[in-house]
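To convert a position in the sequence shown, counted from 1, into our numbering, add 14.
Simulated from the structure, these hints should not be mistaken for laboratory data. Honestly, I wouldn't trust all of these hints.
Distance windows between CB atoms, simulated [stated by the list, open to error]:
no.	residue 1	residue 2	range
1	S48	T19	24 to 30 Å
2	A46	N82	33 to 39 Å
3	A57	F85	14 to 20 Å
4	N82	A45	48 to 54 Å
5	G58	L81	32 to 38 Å
6	I34	E71	26 to 32 Å
7	A24	G62	46 to 52 Å
8	A67	A24	44 to 50 Å
Beta carbons: idealized from backbone N, C-alpha and C, even for Gly.
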Amino acid sequence: QGEKTGVWWADALSSSVRPIITYWLMALYCAAKSVAFVAALNAGAGWGAAVLAAWSEADQALWAGVLNFWFLGRVFDRGRS
Numbered sequence: 015q016g017e018k019t020g021v022w023w024a025d026a027l028s029s030s031v032r033p034i035i036t037y038w039l040m041a042l043y044c045a046a047k048s049v050a051f052v053a054a055l056n057a058g059a060g061w062g063a064a065v066l067a068a069w070s071e072a073d074q075a076l077w078a079g080v081l082n083f084w085f086l087g088r089v090f091d092r093g094r095s
C-alpha cells in the first residue's frame, strides 16, 4: 500500500492486500476454533465444556486486542484531530 501508480488495477490490487489477508486469517482462525469445538463434542464433551475447550484466555486476549484496535483506537484518533 505504497504510492498510487495511476494504473487502476495495480492500485486496486495493492489496496486489497491487507483486507484479503485479514479475511483469510479470520477464516482460518474460525475454522480452527470450529474444529476444536466439534472435536470436543465428538470426544463426548457437552456443549458448555466444548465451548470452554475451544475458547481460552489467549483467545479472549486476542479478541480484546483486535476490538481495542478497531474501536477504541478510532476514538483516540478522533480526539487527536
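Taking each numbered hint in turn, which are not upheld by the structure, reported in ascending numerical order?
1, 2, 3, 4
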